[in-house]
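**Q** Dock chain E against the given chain Y, drawing on the hints supplied.
Heads up: the sequence lines are chains Y and E, in that order.
Once you know that position 176 of the first sequence is 176 in the working numbering, the rest is easy, because the numbers rise by one and skip nothing.
Once you know that position 137 of the second sequence is 137 in the working numbering, the rest is easy, because the numbers rise by one and skip nothing.
Stretches of chain E that chain Y covers, calculated by requiring three or more beta carbons in the stretch to come under 8 angstroms of a beta carbon on chain Y: (1) 9–15; (2) 85–97; (3) 107–119; (4) 151–157; (5) 217–231.
Now the in silico label distances, taken between C-beta atoms and shown as ranges: (6) Y:A194 - E:G184: 53 to 61 angstroms; (7) Y:S285 - E:S121: 30 to 38 angstroms; (8) E:L124 - Y:N57: 23 to 31 angstroms; (9) Y:T55 - E:S122: 17 to 25 angstroms.
Rather than coming from a laboratory, the hints here were simulated on the basis of the structure.
Glycine included, C-beta positions come from ideal geometry on N, C-alpha and C.
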Amino acid sequence: MAQTALTLKKNDGTAANWRTWLGIAPFLLFAVLFLFLPSLRLFTASFTDPDGNFTLNNIIQLFSEPFIVNAYKLSIQISAVTALGGGILGFLMAYAVTVGGLPRSLRSVLITFSGVASNFAGVPLAFAFVATIGRQGFITHILRDYFGLNIYDHGFNLYSFAGLSLVYMYFQFPLMVLIMAPALDGLKREWREAAENLGATTAQYWLRVAFPVLLPSILGAMILLFGNAFGAYATAYALTGGRIGIVTIQIGAQIRGDVLYNPGLGYAMAIGMVVIMAISLAGYSWLQAKTERWLR
Amino acid sequence: MSFWRRLRKFPFLSWLWLIIGALYFVLPLIATLEFSLSWDPELPLKAYQRAFEDNDFWETFLYSNALAVATIVVSVILIVPTAYWIRLRLPEARRLVEFITLMPFVVPAIILVFGLIRIYSSSLDVPFTEIELMPPLTNFKMGTNILIVAGYTVLAMPYMYRSVDTGMRTVDIRTLTEAAQSLGASWFTIIARIILPNIRSALLSGALLTFAIVVGEVTLASFLGVDAFGPYLFLIGQHRAYEPAALSFVTFLLTWLAMGLIQLFTGGQGQAAGAH
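Next comes chain Y alone, as it looks inside the complex:
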């Protein structure tokens, strides 16, 4: 049997190759039609002026038009804040259920919960937060009635930067848990024992052994969270009705009607976003590969 398999494989390696490639042709055709052509179209259109000639103007304006620069700034800030906040909370929770000494049964509960929460987004998530800390929200009322604190008098607003960040965190930290739990599992017991035998304290072990090993994985996961927030549209739209000027919302406005009065600039904005997403995915995979050296 193994012999047949071997000869089969050998034949495939030679000239009749294009026939073998036909096997995945439907998949490739689909990807071209519904993924590459649409992306390519946005790409070429962002280098085209209204008369159809090649131009770099749109790309240049991307960095000079205040409207667009501000949108990118806001998106980057929200993504960075929620990646950091969600990353820290997610890491601590993953730590708690893996090596933190909590009962093992809690681990699978948390993982399932995280699977649900990281998929619970968009309109229902926005509504849930309105019911929680909107003006008439559950927590808003509790804070007002029992603690005499009206958060809306103190500048809090659910439909602003802080509010949106709080909502994004809801799908950010569970994603961190899902990525970090397996990584924390990879910490070998022997490392800790070795460190203790050499007289290291717990703090020293974490600082000098565990943390350096985990660092690429933590950074990689946070970069992934960054991209996760950066590409989010539905949640922000449902929460603010399009009144918060992040990149995805502005692109949405541009699709509905040419609000920039320059279609090419709208395409350029979309491509700028793809570039940022690509950089963050590349950073994630690079760091992930680095992690695998230690954590398997």
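**A** For chain E alone, coordinates are given in the frame of chain Y:
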């Protein structure tokens, strides 16, 4: 003595992090539930009753479910044979296909729909002539259905491919194929009657995840002008107070059900999708 020792070993900090996270997770759900039940003290389920009485709810909800089923079918037809073929005959295509399946992380829904609309809102003509091969897909119902299912298939691709590929890793594809071939089975029979049943739990988990992405998705649906559940929920959110809360809670329960089933069938790793 032993009490103090046990106290010292008690993982206070771990419990603290877990409780903070759990509160973050649970409070919005409690708030939503509480709000949805507070419409009429006499009739706590009034919001749910009203929400379910609305015909538009059922129409959009069933429509979204149909879209989810269509997406799952298309994904399985595209991805299972591809993943199978790569394992069996074409390992050199693995990197390419994995790269393609990761693309949706780089091209988020809002960009994808932007590109789809720009490409398919013009008709497909025979080059240099006026002869129309295909009218603009965005102009008729079947066309937008095709576009949206294609778009959802793209969004679900990373999860579906990963599930299927992981599922196939545990099955000896080569031996099964050779056995089937020696009994005279066709390629179709091999994939439909031998490979598919062998990776059913992986398929199921991919399918449930796809379901969780598609039902309630708003970005593609609203820009393609499709009357799906996501846009409907958004719309009633603009005009009503209690029904949207009730439906949000129901949506949460559905997501919970899907993830719980995945956990049950795969008995392990949770996965995260991204319809944010």
